[in-house]
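K.L.:
The primary structure of each chain is shown beneath.
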Amino acid sequence: GQQLNQSPQSMFIQEGEDVSMNCTSSSIFNTWLWYKQEPGEGPVLLIALYKAGELTSNGRLTAQFGITRKDSFLNISASIPSDVGIYFCAGRGRGGNTPLVFGKGTRLSVIA
Amino acid sequence: DGGITQSPKYLFRKEGQNVTLSCEQNLNHDAMYWYRQDPGQGLRLIYYSQIVNDFQKGDIAEGYSVSREKKESFPLTVTSAQKNPTAFYLCASSRDRGDSQHFGDGTRLS
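In the order they appear, the protein sequences are chains A and B.
The numbering used here applies: residue 1 is where the first sequence begins, and numbers increase by one.
The numbering used here applies: residue 1 is where the second sequence begins, and numbers increase by one.
Hints were generated in silico from the structure; no laboratory data involved.
Fair warning: there could be bad hints in the mix.
[As the list claims (entries may be wrong)] Cross-link-like lysine-lysine pairs, in silico, DSSO-like; alpha carbons within 27 Å at most:
#1 K104/A to K57/B
#2 K70/B to K57/B
#3 K9/B to K83/B
#4 K83/B to K104/A
#5 K57/B to K83/B
#6 K14/B to K83/B
#7 K71/B to K57/B
#8 K70/B to K9/B
#9 K104/A to K9/B
[Claimed, not checked] Over the 10 Å line for every Cβ pair with chain A, so calculated as not near, a few chain B residues:
#10 V19
#11 T20
#12 S22
#13 N53
#14 A61
#15 G63
On a predicted model such as this, the values are computed, not experimentally measured, just so you know.
Beta carbons are placed, not taken as given, at the ideal position from N, Cα and C, and that holds for glycine.
Working from the sequences, and respecting the hints, build out all of it.
P.N.:
In structure tokens:
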């Protein structure tokens, strides 16, 4: 089945630093989604990407749909303590009934 | 407010017991999903339903059962056949199978 490799697994950064994480897939995806999960809560959708090469921002967050259709990147600029959480990528391959596949997450810790 | 409600927040299961996790949504979404989350494992799909009275097995359906008698409800039963049930269970819904998913706040089962 389809697999997603998300990296890094965890990050410790200083407040104010920029953050970058990425996901790669073993096959072509038509949709990339980025979610954030805080402790004890469900994931919340941050950004959705539907076209190869698409670059979309949501505040300090920017995500890109790779032109090969096999990768996606999420950048966070000027990190703040409330950015702490687990960030998940998710993707969907061709076909309307293809299931959503999740990466294993990147755990972000911000040191004030 | 529209959203997905999971209950209970915490649940303890005795060995040999079946337990049922509730998931209700008032978003008028057709599709609903159950995921299991273990540390370092990401989200793994247990069951999903695209429409009332229909559901499909996901990647790790063994030891679980579901029903979809109403559009807004998709309860998950963890049966005694599931030997390692301790995990965080997340319910999600979407307008259709191809749309982005909205998640509940989860149930932690021990």
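K.L.:
With reference to the structure, classify each hint as holding or not holding.
P.N.:
Cross-check of the supplied hints:
For the suggested pair K104/A and K57/B, the alpha carbons sit about 21 Å apart, so the restraint of at most 27 Å is met. A threshold of 27 Å between alpha carbons decides the hint, and for K70/B with K57/B the separation of about 18 Å falls inside it, so the pair holds. For the given pair, K9/B sits about 21 Å from K83/B by alpha-carbon distance, which is consistent with the 27 Å threshold. Using a Cα cut-off of 27 Å, the hinted pair K83/B and K104/A holds, with the two alpha carbons roughly 23 Å apart.
Of the pairs offered as hints, the one joining K57/B and K83/B holds, with about 18 Å between alpha carbons and a cut-off of 27 Å not exceeded. Taken as a hint, the K14/B and K83/B pair is honoured in the structure, with Cα atoms around 11 Å apart against an allowance of 27 Å. About 18 Å separates the Cα atoms of K71/B and K57/B, which keeps this hinted pair within 27 Å; it holds. With a CA separation close to 22 Å, the supplied pair K70/B and K9/B stays within the 27 Å bound.
Between K104/A and K9/B the CA atoms are separated by roughly 23 Å; this keeps the pair inside 27 Å, and the hint holds. At the 10 Å boundary, the C-beta of V19/B stays outside the reach of chain A, the nearest C-beta of that chain being 19 Å off. Distance check for T20/B against chain A: the nearest CB is about 19 Å away, which clears 10 Å, and the non-interface claim stands. For S22/B, the non-interface assignment is confirmed: its Cβ lies about 14 Å from the closest Cβ of chain A, beyond the 10 Å cut-off.
At the 10 Å boundary, the C-beta of N53/B stays outside the reach of chain A, the nearest C-beta of that chain being 18 Å off. At roughly 13 Å, the least C-beta separation between A61/B and chain A is larger than 10 Å, which holds for a residue marked as non-interface. No Cβ of chain A comes within 10 Å of the Cβ of G63/B; the nearest lies about 20 Å off, and the non-interface call holds.
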